Amino acid sequence: MHPLRQLLAALPLLCSLSLLTPSVAGAAETKAFAFTSDFSTGKLSVANLATRAVSLDVATVGSDAVVRYSRVCSTW
Amino acid sequence: MNRFGGDNIQVIDPSTNATVRQFSVGNGTNPQDIVFVSPAKAYVSRYGSASLLVVNPSDANGLPQTPISLAGFADSDGLPEMARMIKVGRYVFVACQRLTNFAATNPSMVVVIDSQTDQVVDVDPNAAGVQAITLTLRNPVTTFDYDRVNGRLWIGCAGDFGVLDGGVEVINPYTFSDEGVRVTEATLGGDINDIVWHTATHAYALVGTARSTAWSRGIRAPGSRSPTCSPPTAASACPTWN
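These protein sequence lines are chains A and B, in that order.
Count along the first sequence starting at 1, add 5, and that's the number in my numbering.
Count along the second sequence starting at 1, add 89, and that's the number in my numbering.
What the hints contain is simulated information worked out from the structure, not anything from laboratory work.
As the structure is a computational prediction, the values presented were derived from the model and not from experiment.
Every residue gets a Cβ at the ideal spot worked out from N, C-alpha and C, and that includes glycine.
A couple of the hints might just be wrong.
Counterexamples of contact, computed for chain B against chain A with all Cβ distances above 12 Å [what the hints assert, rightly or not]: (1) Ile98; (2) Gln111; (3) Asp122; (4) Ser140; (5) Asn150; (6) Gln154; (7) Ala163; (8) Asp164; (9) Asn195; (10) Val209; (11) Ala217; (12) Asp254; (13) Thr273; (14) Ala289; (15) Thr298.
Partial list, derived from the structure: chain B residues whose beta carbon lies under 10 Å from chain A [stated by the list, open to error]: (16) Asn91; (17) Phe93; (18) Thr225.
Chain B with its partners taken away, still in its complex shape (with noise of 0.2 Å):
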């Protein structure tokens, strides 16, 4: 994914590391990250754009292309900054930062699409208007990261950075619905930058600090809990972290 600037695909080989293909998805809409739902298709995050892009990354100029109108979740900026997705059956889950001057303003949202259909999915059919699953936190991102045993997607919201004001969020992907804090950045010590769901009992998130590249929290005694974790709906839902 060539970002800001580049606004295009590149098929790389990684047999010959050779590029295959190259293609636009479109001037100045700094494509983010990439779904693949099937060899013809796949999904396009464009955090300069209000539209999300499926493409065909098999063919030459990715043809066909069609967008999908996010529009109705952006900020006062006009768009909603989509960053990472992810997966999970037939749905995928955009993160929209919402962020204004790349400040972490606004609540974000994940919105889900239904890949079989490629609607967006109202998560909140009692709401008037097509919901999307608002974060508690702000400024997603971090990749989405999936509990296999819990059956939940992580993602870290790092809301404005330099302060510590984000975390972990946990969502059920199966209700589309947000539950909630995982861990604070003011528990693991600095703004978040990824996150590693490792086992039910132990996860990896890696924070920075204003004076010092990325670092990684010491290792804690294995099976030993975090005392901000919240819920503590199971022991086996509050991992520890390092």
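This is chain A alone, in the form it adopts within the complex (with noise of 0.2 Å):
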């Protein structure tokens, strides 16, 4: 699959990403992270929520992943 359309695929996902930490009221966000997939293998894609530009493909990951993010690790 094309990977804009593995991205447009993962919309839903992108979308998702806002629930992940409901309680907590943080920054405004400035990128998103869309995780795809062939079933063989798995990648990180981002979107800057300003520009709107993707990259592609950023990092490599399972090709069974979800992403979840963690402010109160974000000093790491």
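Build the complex from these two chains, which are given one at a time in their own frames, with help from the hints.
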């Protein structure tokens, strides 16, 4: 599948990222990560929420991954 | 969370996209979700194990790792099939699907963990043993979402896929009690995939049908209430569905 189509297919996940920390009021988000998979390999792509620019396949992850964001661990 | 076949947690720095560390949570355990309590403590639900795992996400190997047994909530296959989690105050809520061969043949439950003691909370001391919250519907598949107006947890249960036997269920996280079904899959028109609470009168449900990918329902007029909202204890407790 074309990478852009993969990213578009992952849009529901992009939306779901807003659910990750429902009880925490944090700073405004600046980017969104999307997990994509061809069921053999997995990648993360990132979208800049201000410019809408997308950077494809910025990291390699498992083929059956889910993405979670931790604010409490942001100082690692 | 690298789930089936991965069985590990991969920590990625969102500013550089670099993998900071990666550690196993047990071969074949199929981790599903992670809830952070502090930089040194997080809970990992594991679909292929009968125990929840407490890890230190700041350590290179996630150590120490301490299991919390949920074997008492397993069905006949020996697994409670832990899925999504959420933390409300000091308590961590763990959705247990309790499927057998991926069929929703058993009642599903939400197990409550006290993050200060790492003990399973007995939500019904009047009953023998340690009790979890038993859901009305089966197969909780969505994220938990928190109703910030009424202080309730919502979770979508798909039941068996291809059958409109699920819906959205509401839990009181302060009394550890189930408050029943807020809207059914029959009303939503498909198998539930995800939910988002927006306001006291507005929420979203993502559903899938047999012949399509996920789709969302048309937007109702602002303020209109679902005719199947139950129990209609208060207008604010019955959001519209889109």
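Non-interface label on serine 140 of chain B, tested against every C-beta of chain A at 12 Å:
holds (20 Å)
Report holds or violated for the interface hint on threonine 225 of chain B, using the least CB-CB distance to chain A and a cut-off of 10 Å.
Check failed: Cβ of threonine 225 of chain B comes no nearer than 23 Å to chain A, outside 10 Å.
Grab the minimum beta-carbon distance between alanine 163 of chain B and chain A and tell me whether it stays above 12 Å.
Fine: 23 Å to the nearest Cβ keeps alanine 163 of chain B off the interface.
Against chain A, does threonine 298 of chain B hold up as non-interface, every C-beta pair farther apart than 12 Å?
Threonine 298 of chain B is indeed farther than 12 Å from all Cβ atoms of chain A, at 15 Å.
Find the nearest Cβ of chain A to the Cβ of aspartate 164 of chain B and say whether that gap is larger than 12 Å.
It holds; aspartate 164 of chain B is separated from chain A by about 23 Å at its closest Cβ, greater than 12 Å.
A cut-off of 12 Å on Cβ-Cβ distance, and alanine 217 of chain B was said to be off the interface with chain A. Does that hold?
holds (34 Å)
Checking a non-interface call: every C-beta of chain A should be farther than 12 Å from the C-beta of isoleucine 98 of chain B. Is that right?
violated (9 Å)
Least C-beta distance from glutamine 154 of chain B to chain A larger than 12 Å
holds (16 Å)
For aspartate 122 of chain B, is the shortest beta carbon distance to chain A beyond 12 Å?
At roughly 7 Å from the nearest Cβ of chain A, aspartate 122 of chain B sits no farther out than 12 Å, so the non-interface label is violated.
Please check whether the beta-carbon of alanine 289 of chain B is more than 12 Å away from every beta-carbon in chain A.
holds (15 Å)
For asparagine 150 of chain B, which was marked as not at the interface, is the minimum beta-carbon distance to chain A over 12 Å?
Answer for asparagine 150 of chain B: holds, closest chain A Cβ roughly 15 Å.
Consistency of the no-contact label for glutamine 111 of chain B, given chain A and a CB cut of 12 Å
The claim is violated: glutamine 111 of chain B sits with its nearest Cβ about 10 Å from chain A, within 12 Å.
In this structure, the earlier hints numbered 1, 2, 3, 18 are contradicted, and the remaining ones agree with it.
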